[in-house]
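Participant: This is what each chain is made of:
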Amino acid sequence: MSLSSRSGVASSEALGATFDGLLRAVEDRSRLVGVRRVWLEMAGRPVRLSIAGERIAEIFLTAYRHLLLDPEDEPKANAPAALDIEVWDETACNWGRPIRYLRDCLPRSRPFGRAVLGQSGDSRVLGYQSHSLFGILDLEKNRLVAAVEDVRRLSLFERGKPLQPLLFAWHGAIGAMPLHAGLVARQGRGVLLGGAGGSGKSTTSLLCWQAGFDYLGDDYIALPSADAGGRYTGYSLYTSTWLTPDHSRRFPRLAEKAHYGNEAEDKLLVLLNEVDDTRLTRSSPVNALVLPRIVGGSETTYRPASRSEAVRRLAPSSILQLPFIDGQAALNRMHELVQAVPCFWLDLGTDFPGIPRAVMSILSEVSDG
Amino acid sequence: MIQRQDTFRVNSKEIAAKVIDGEAIIINLGTGTYYSTDNVGALAWELAEAGHSFGAMVSALESRFVVPPETDIEVDLRAFFRRLLEENLIDVSPPSESAPPTPEVQPSAAAYAPPVLNAYRDMDDMLALDPPAPGLEPIPWSAPESKH
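For the protein sequence lines, the chains are R and X, in the order given. Residues in the first sequence are numbered consecutively from 1, following our numbering. Residues in the second sequence are numbered consecutively from 370, following our numbering.
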């Protein structure tokens with residue numbers, strides 16, 4: 001079957017046939033070796049993950065370890081899943097995918113860093129292709145199929161956040177909006193840490209982790225709409241963090257667990273769920289939105305932030321950094337959030353133990369109020 | 370040249386925008402630039418979104434603020450909307466008979482200041498998440514026959 005569209009614009013019928021063909025091919029289990037099937041919980045919903053290939057299974061299951069359901073909580077094998085993810089290692093299975101390039105099945109393709117994104121004309125089917133990974137997500141069928149061409153060529157980004165662009169798209173589609181923010185919690189109360197790269201979000205998240213907070217992420221979380229009582233819950237997506245040389249000195253326990261990439265990847269990858277004693281949790285209430293910023297001085301202080309300041313700080317990187325996200329819907333969600341929870345500036349000082357103490361003070365103030 | 374009867378259409382395919390507590394936050398999804406404008410600018414943005422003509426907006430703002438004698442709101446507003454147009458945040462719509470009449474706005478004690486569109490371009494390069502990988506050939510992404 002030729003998968004290319006000579007005009008470069010695949011009809012939705014041809015596209016459907018292509019995607020269904022890919023799914024049928026994956027369903028032919030005889031091709032796949034060492035299939036492992038597990039259940040995850042993403043944004044509070046059951047997700048079935050099937051992986052063929054020992055090495056790729058190890059990488060994905062490490063990255064998703066904190067989302068794995070305990071066997072006693074798993075749905076039955078044939079139970080409906082909110083999302084079915086099927087991944088195979090082309091080398092281990094000795095079976096190449098039937099579609100070479102995204103452009104062959106998704107007409108609206110564009111570069112995304114060194115990778116490529118694609119989507120169908122009706123935005124029902126989305127794709128991501130890097131030098132080592134090819135994935136397609138069907139938002140109507142709630143199926144994500146991905147082939148790993150060469151496990152050794154997976155970038156640190158793909159090891160730390162497998163399938164991120166497509167999974168974020170799925171979260172956005174089900175209303176669990178991905179936000180560029182960290183989330184830490186103490187005694188069941190959570191603080192969302194918002195801000196662009198370099199604001200001190202990761203440092204604050206990791207210092208809180210070190211001080212005994214639950215860790216749900218230092219850069220991205222999913223935020224569904226409020227419950228009937230107007231309360232917000234944030235969901236963990238990945239526990240990966242990137243260590244700069246400065247972080248490595250400050251967090252030696254993390255540096256011990258660092259994964260190294262190629263020479264161009266100057267940061268090291270650490271998966272917090274590989275670090276002993278990490279208090280991981282899949283979700284937490286959001287009781288405050290905190291906006292870290294580096295201001296100099298030794299003492300860390302905090303003061304209320306206006307709602308517009310909070311959205312201006314949180315929204316641009318959340319919306320601009322993520323493909324396939326409905327920008328207006330994301331902006332609306334952030335507006336709703338800042339109306340429901342108090343917002344604070346966190347002026348970070350150089351006395352690092354004071355940073356988690358300040359976050360704890362905010363939580364106490366919020367709960368006392 | 371912006372005419373008094375002109376109305377504007379927010380370029381909603383390319384932007385996300387929200388007015389929050391008197392500050393408009395506008396994000397251009399195509400370029401990665403984001404903007405803010407408060408007070409007079411935010412009110413003008415809201416009026417434009419609601420479909421009011423340029424002339425109606427001028428009248429509304431003149432009735433809302435105590436304007437110093439040497440100030441010409443129309444001149445200020447024209448400059449502000451030129452910026453919005455230059456940044457591709459809005460388009461001029463043809464004059465419409467269905468444009469709402471001059472809106473009633475409550476007089477404000479706030480001092481009038483010409484509207485300013487603050488542009489932030491620090492996110493322009495944030496679209497690439499994957500670290501660089503030297504030595505790898507670009508992945509073909511356009512249709513084989515199309516030229517770029």
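Since the hints were derived computationally from the structure, they do not count as laboratory data. Bear in mind the structure is a predicted one, so any value in this text is a computation, not a measurement. Any given hint might turn out to be false.
One side only, chain X facing chain R, incomplete, derived with CB under 8 Å [claimed, not checked]:
id : residue
1  : Val-379
2  : Asn-380
3  : Val-485
4  : Leu-486
5  : Ala-488
6  : Met-492
7  : Pro-509
8  : Ser-511
If you want the ones that stay clear, here's a sample from chain X, every Cβ over 12 Å from chain R, calculated [to be verified]:
id : residue
9  : Val-388
10 : Asp-390
11 : Gly-401
12 : Ala-411
13 : Ala-429
14 : Val-436
15 : Val-444
16 : Val-461
17 : Ser-462
18 : Glu-473
19 : Val-474
The beta-carbon is built from N, C-alpha and C at its ideal position, and this holds for glycine as well.
Participant: A separate judgement is required for each hint: does it hold in the structure or not?
Facilitator: Hints, one by one, checked against the model:
no. : hint    : verdict
1   : Val-379 : violated, 10 Å
2   : Asn-380 : violated, 12 Å
3   : Val-485 : violated, 15 Å
4   : Leu-486 : violated, 14 Å
5   : Ala-488 : violated, 12 Å
6   : Met-492 : holds, 5 Å
7   : Pro-509 : holds, 6 Å
8   : Ser-511 : holds, 6 Å
9   : Val-388 : violated, 9 Å
10  : Asp-390 : violated, 5 Å
11  : Gly-401 : violated, 5 Å
12  : Ala-411 : violated, 9 Å
13  : Ala-429 : holds, 22 Å
14  : Val-436 : holds, 25 Å
15  : Val-444 : holds, 27 Å
16  : Val-461 : holds, 22 Å
17  : Ser-462 : holds, 20 Å
18  : Glu-473 : holds, 25 Å
19  : Val-474 : holds, 20 Å
Hint compliance for this structure: hints 1, 2, 3, 4, 5, 9, 10, 11, 12 are not met, and every other hint is.
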